[in-house]
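So the protein sequences, as listed, match chains R and W.
Under the working numbering, think of the first position of the first sequence as 1, with each following residue one higher.
Under the working numbering, think of the first position of the second sequence as 1, with each following residue one higher.
Worth flagging that the hints you see were computed from the coordinates, not collected in a lab.
Be aware that one or more of the hints could be misleading.
[As the list claims (entries may be wrong)] Covered stretches of chain R (chain W as the covering partner; in silico rule of three or more C-beta atoms under 8 Å from a C-beta of chain W): (1) 133 to 146; (2) 280 to 292.
[What the hints assert, rightly or not] Sample of chain W residues facing chain R (criterion: CB under 8 Å; computed from the structure): (3) R129; (4) D132; (5) S136; (6) P139; (7) L144; (8) V149; (9) F232; (10) L233; (11) G234; (12) I248; (13) L255; (14) P259; (15) G266; (16) L269; (17) F270; (18) V274.
Every residue gets a Cβ at the ideal spot worked out from N, C-alpha and C, and that includes glycine.
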Amino acid sequence: MGLLILRRLVATIPVLLLVTAGVFALIHLTPGDPIDAMMAESVDDSVKRELRRDLGLDRPLYLQYATWMGRLLQGDLGRSIRNREPVIENVGHRIKPSLQLAGLAMAISLLVATPIGILSAARRNSAVDRVGTTFALFGICMPNFLIALLLIFVFGVTLRWLPISGYVDPLEEPWDGLRSLALPAITLGLALAAVITRTLRSSMLEALSEDYIRTARAKGLSDGAVIRRHALKNALIPVVTVLGLQLGTLIGGAVITEYVFALPGVGRLVVDAVFARDYPLVQGVVLLIAVGFIVSNLAVDLLYGWIDPRIRHR
Amino acid sequence: MATILVAPAPSRSVRDRRWGTLRRAARARLAPFGAAVMLLAVAAAVLAPVVAPYDPLKQNLDNTLARPDRTHLMGTDNVGRDVLSRVIWGTRVSLVAGFGSVVIAVLVGGVLGLVAGYAGGGVDNLVMRLMDAVLSFPPLVLALALGAVLGAGLTGVVIALGVVYTPTFARLMRGQVLAITAREYVDAARALGVPGWRIAWTHVLPNATAPIVVQASLSVAFAILAEASLSFLGLGIQPPGASWGSMINAGRGYLQQAPWIVFGPGAALFVTVVGLNFVGDAIRDALDPRLRV
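Next up, chain W with everything else stripped away, as it sits in the complex (with noise of 0.2 Å):
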């Protein structure tokens, strides 16, 4: 920092470092709450059909808004289905959505970041004119336009949330690519004459790794958001289907007798992406000890 002054600030380096630690142990309790969560959400997606105590398509119209009690956790809904069953169901609509569309984000905007970095010149410039018209669009906008044309339901949804997240992974690869390239080792590699593709799997991939796993861990969060978002809006999973976001919308009208339609799914939404916001989060302090606060 600045040399001006003549005697350095002890007590500044000293409040820093308290900080730090103090934020390290804050982390360190909130990570495993962070893997619990998303450990509680894989099972309930993976055993869903095992765990969900009703059939979650199943009505029954003389139990309809049924308080929560102890044979409906949740409560019921509207037509008499359990929305602990729906809520369980719908974690795999919102896992499915926010892993599915940031692996395409990643394999996508990883190669096209690779290829732009590595080719350079026009393909480089093409392809990240091409990145920024993408993200000239408000991201729920684009995804509304594009899951409108794609035709309503889940691979409409994912594909339009992987459009979304392409450019920002193709932006950070080809930023890696540019560094990672411009180091010795690859030079000494182009020397011994390896083919290009070969610097670009054996060297430039893995050493570029790091960051995109960083980036792809808190995105997911964001795409289980945005999915819930959308389904919400109405495209994604029809009805009778349940996904978190639907089963909000359609409870928007029981707000006043039963809350609970709303609040139940919405609860696990919140947990979800909460827990999944700490996992990005260690997994960042993990990967890059650079970033750390």
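Next up, chain R with everything else stripped away, as it sits in the complex (with noise of 0.2 Å):
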């Protein structure tokens, strides 16, 4: 296992390098002058001729790298053009909101995914698989905004039960920080319970067609037991496979889902660094998500061979 850790984390190293260098290039991408697509035209040339010098775009491509790179290495991500801050405490401020959805979402998707998918292999071809695998297609095909709306219509607007955005921590104010992440975390939930569902759903029929199955059929356990001891436990692998390919769209799916419900998370950062042109601080969020993706991509490839003790012997 040691070993295996190992091995994947020499494997990052150059991965990481190259997404460095690709949020580096990014700020050089721009059409045109980066300073003049930042500040608005009528902003005094001397105002823009420090910021020039600030970020170090007066100087070659490949000094401006290795002082870019110099100064990550040392933790410093540059300052956000807007409020001056470093990168790194706007993203401070962020990370709880976006924490608690995530988990929150989480939590829902496998909650709902579970008994459906299980269900829906259990009695397949039965009315219960039919409502399974059109929720799984609904909420594969449906964009997260269009759910978000959806639910802001039926139980915000018309309703009126739960508020449609704002944002209350449910640390210091439970019920109120609850019922204000409850629709955010119910629209991001429901597109990951959707594809949990369709995965549970064909590895559970996988499983139940085993011979260990007929087993312990064969010897007397009720359809209860054998579902809950023998097929779940083997079809929750390819779930956990699923969940880490899924990390993508689920941060993907909050940038969305803050942006709707005004959430003042780091998706919410990313999208309104975006408009404001704050490249410097769109390239540190960026690799922060990038960094925290890869590390969780990690965790997850880890965990599978925690799990499933075939893989860690290939």
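Given two chains presented individually in distinct reference frames, assemble the corresponding complex, making use of the accompanying hints.
The following block contains the structure:
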């Protein structure tokens, strides 16, 4: 296991280098002058010159990259040109709502998908199965923002049960906090639940057709025990893989969801930075998200090896 | 499967066969629906100037937020524009973005995969690590960042999505190339002294196309969703131009008084994506029987 972790970590290094190079190049992809793109025409020339010097844009490219990387290795991701705060602090203020949203969404998706996926497989071709597969298809083809607006329309605008925007920290005010996160978490959770349902259903079908299931049935175990003890355990392995593959979609979904519900999270920060043309902030946050994404993919990979010993020994 | 048990299980194989037949029957019913949706979308996009009942940009401040009725089948928006006409014009944007970005990804990814798989060694390593790097970004975040620096407009979004989908096709093509170049007929061609590029062009490429086509047909649906998400966030076609995502974003402030501004284009988007998914499934079944469930 230790060797596996080491091998994966080493393999990540060149990719990380390329990722940083890509993020660095981002600002240079702007058609025309990035400074002009970031600042209004009316801004004084001396201010623009200062920013250009600040960002090092007046120096040769390789020097810029070297300096940028040097700072990066010391943990300096640059500063936002809007509020002059370091990127790290900008993200620090925003990370809590994002993590709460992701955690709740994950919990909701598992609560919804596990029973539907199991029932669909156990009673395949029944009415339950048809409802389950239709639900999965809907969830996969429906963009996040449309689910969000449907929920807002039904539970926010028509029934007026839940708030449709804003954020209250559930750690400080549990009830209002959970209410403020309810619709965003359901939005994100349903999209994820659709994918999990689909995967769980097909992996359950496969597990249920294995010989050991027939053996378990033959020795007189009840249906419930067969599913719980024998089929589900094996069917969960592909679900973990899919969860890993869905991380990127989950992050993208969080960006949209935070935008729709005006949640002050990291996703919202990216969107705001993009539209404020705050390129250093965009670079910093995108880099952080990418690194987080790589690390969690690595974690899923290792988790997979831990769950399924067959992989470890390959 | 396992041979421990003495008696084979006839019930299982029979059940599976019946299940497979049912699935195929269901697919066969869904594929024409998908094809119809796709034809309708293409027709709407091409014939938009002819079939749209009103000018999609023409405002009518005397008739804002009008309910759907016989004169305006999907109602009007906050400045009195006909929602149906804007949905029809928006089809163009969605299809151009969906197909355009996938075409870019297939061409660039295909060539990269071909070169990587065929050249091997350092080139292969470099290209594939580059693809890994692109895959290290959550797709929407990468598209958002690229779209931001490339500037607002449809071109920026199409290029951004093209970049996002490129690694998928590069990996697929490389895998195909590796599998095909190990075949005997490629050895035979080499032994006959056929130059490398010609082997790639006449032997490898034609045999590698099936999975690429399958992946491409499924990717279009997701690219259309991605374009809608980006234009919902404000990238892509700028106002007053009509795209489904931007219409939905503009309408969300009127969800209570005029939900049709959101749900008109929303329904168009959903139906198109479902339809394209069915078409993609059908193409997969037709081209790659091994994947048939």
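Quick rundown of the hints versus the structure:
1. A stretch counts as covered by a chain when three or more of its residues have a beta carbon under 8 Å from one of that chain; for the stretch 133 to 146 of chain R and chain W the count is 8, and the coverage holds.
2. Proximity of the stretch 280 to 292 of chain R to chain W, defined as three or more residues with a beta carbon under 8 Å from a beta carbon of that chain, is established by the 4 residues found.
3. Interface restraint check for R129(W): the shortest CB-CB distance to chain R comes to about 5 Å, inside 8 Å, so the restraint holds.
4. The closest approach between the C-beta of D132(W) and any C-beta of chain R is roughly 5 Å, which is under the 8 Å cut-off, so the hint is satisfied.
5. This hint holds: S136(W) has a C-beta 5 Å from the nearest C-beta of chain R, less than the 8 Å allowed.
6. For P139(W), the suggested interface contact is upheld, since its CB lies about 6 Å from the closest CB of chain R, less than 8 Å.
7. Because the closest C-beta pair between L144(W) and chain R is about 6 Å apart, less than 8 Å, the hint holds.
8. Given hint, V149(W) at the interface with chain R, holds; its Cβ is 5 Å from that chain's nearest Cβ, closer than 8 Å.
9. Hint on F232(W) holds. Least Cβ distance to chain R is approximately 5 Å, under the 8 Å limit.
10. Given the 8 Å rule on beta carbons, the hint for L233(W) holds: about 6 Å separates it from the nearest Cβ of chain R.
11. Checking G234(W) against chain R by beta carbon gives a least distance of about 6 Å; that is within 8 Å, so the hint holds.
12. Against a cut-off of 8 Å between C-beta atoms, the interface hint on I248(W) holds, since the closest Cβ of chain R lies about 7 Å away.
13. Interface restraint check: L255(W) against chain R, minimum CB-CB distance 5 Å, threshold 8 Å, status holds.
14. For the restraint placing P259(W) at the interface with chain R, the shortest Cβ-Cβ distance is roughly 6 Å, inside the 8 Å limit, so the hint holds.
15. A hinted interface residue such as G266(W) counts as satisfied when its beta carbon comes closer than 8 Å to some beta carbon of chain R; here the least separation is about 5 Å, so the hint holds.
16. The beta carbon of L269(W) is positioned within 8 Å of a beta carbon in chain R (closest approach about 7 Å), and the interface hint is therefore held.
17. The criterion of a C-beta within 8 Å of any C-beta in chain R is met by F270(W), whose closest approach is roughly 6 Å, and the hint holds.
18. Given the 8 Å rule on beta carbons, the hint for V274(W) holds: about 5 Å separates it from the nearest Cβ of chain R.
Of the numbered hints stated above, none is contradicted by the structure.
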